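Undergrad: In order, the protein sequence lines correspond to chains S and E. As numbered in this note's numbering, residues 1 to 145 make up the first sequence, in order. As numbered in this note's numbering, residues 1001 to 1147 make up the second sequence, in order.
Rather than coming from a laboratory, the hints here were simulated on the basis of the structure. Hints are all accurate, no fakes.
Label pairs and their calculated CB-CB ranges:
no.: 1; chain 1: E; residue 1: 1103; chain 2: S; residue 2: 144; range: 20 to 26 Å
no.: 2; chain 1: E; residue 1: 1120; chain 2: S; residue 2: 57; range: 48 to 54 Å
no.: 3; chain 1: S; residue 1: 84; chain 2: E; residue 2: 1011; range: 34 to 40 Å
no.: 4; chain 1: E; residue 1: 1085; chain 2: S; residue 2: 26; range: 44 to 50 Å
no.: 5; chain 1: S; residue 1: 35; chain 2: E; residue 2: 1116; range: 57 to 63 Å
no.: 6; chain 1: S; residue 1: 58; chain 2: E; residue 2: 1011; range: 32 to 38 Å
no.: 7; chain 1: E; residue 1: 1103; chain 2: S; residue 2: 138; range: 20 to 26 Å
no.: 8; chain 1: E; residue 1: 1001; chain 2: S; residue 2: 19; range: 25 to 31 Å
Non-contacting residues of chain E with respect to chain S, defined by C-beta distances greater than 10 Å in every case (computed):
no.: 9; residue: 1012
no.: 10; residue: 1082
no.: 11; residue: 1091
no.: 12; residue: 1143
Cβ-to-Cβ under 10 Å is the rule here; a few derived chain S residues that face chain E:
no.: 13; residue: 5
no.: 14; residue: 7
no.: 15; residue: 8
no.: 16; residue: 101
Model, not experiment: these values are computed from the prediction. Heads up, the beta-carbon is just placed ideally off N, CA and C, and yes, glycines get one too.
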Amino acid sequence: MARVYVSSVINAPAAKVWARVRDFNGLPNWHPGIAESRIENGEPADKVGCVRAFALRNGDRLREKLLGLSDFDMLCTYSILDSPMPLTNYVASLRLTPVTDQDHTFIEWSADFDCAPELEAELVSGVGGNVFQTGFDALNRAFGA
Amino acid sequence: MPRVVRSTIIDAPVERLWAVLRDFNGHESWHPIVAKSTIERGYPSDKIGCVRRFTMQDGAELREQLLALSDLDMTFSYCLLETPIPLFNYVAHVRLLPVTDGNRSFWQWEGRFTTPAGRETELADLVANDVYSNGIAAVRQLPELAG
Chain S
1 MARVYVSSVI NAPAAKVWAR VRDFNGLPNW HPGIAESRIE NGEPADKVGC VRAFALRNGD
61 RLREKLLGLS DFDMLCTYSI LDSPMPLTNY VASLRLTPVT DQDHTFIEWS ADFDCAPELE
121 AELVSGVGGN VFQTGFDALN RAFGA
Chain E
1001 MPRVVRSTII DAPVERLWAV LRDFNGHESW HPIVAKSTIE RGYPSDKIGC VRRFTMQDGA
1061 ELREQLLALS DLDMTFSYCL LETPIPLFNY VAHVRLLPVT DGNRSFWQWE GRFTTPAGRE
1121 TELADLVAND VYSNGIAAVR QLPELAG
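With the rest of the complex left out, here is chain S (with noise of 0.2 Å):
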């Protein structure tokens, strides 16, 4: 099993990043990578169970089930159900974690797949680099690092 971990700091509030990373259907909101986002079935987003179809900059579709959301440990689960890359298993996780004494927040995104083992090295750093650290990037951005 492939593990990806991906952690950094977005100087603003836990609370100010957690509402904008909470929204299962927010993706195109604050990642660059994505165009469009729906929730299937019209179910709210928070619905834990619930679907988001969505299109990446590239054309790519890719389908995520939310398997868990806590306002209160500020952390996000959802597994890959359909999507173009060589993977399967695929569970990942979204954390925050307030960093209190700059008032600041630590951030983590952790995947765990399985694919073959010669696929591994590049899937781990795609998922890791284009995906997650480009995420992080962008909230940077937003928030003002």
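Since the structure of chain S is already known, use the hints to place chain E on it.
TA: Below, chain E without anything else, positioned relative to chain S:
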């Protein structure tokens, strides 16, 4: 039950910070309020259940017991056994996580406890400031974590 949390970012790789913090007998080399630390009964300082005895700068004595330590998770937990300050049921958790963006470290120090009625705020401030924030500030200055 008061809960106190202090967290910070240290500009050093997490393995280096963990090497400093995982020593349950290490406070005397960095914490400004601890004058002397020993582990009772000659136990190693990473033996679960070992007890550290602090002599504080003001001469008071304090005993704390290691409840859990994980090198994999870079976490440890401990409780107060004896203290001159009326903190009861005190359990603390320390947790480190890597900040991959910049090869830095996230450090969280958290405690829960009870106090005599009416002294919650005073004692929470003491734990948060005198123990946690002052400790964090001292570790930040350690030469082995600089550069």
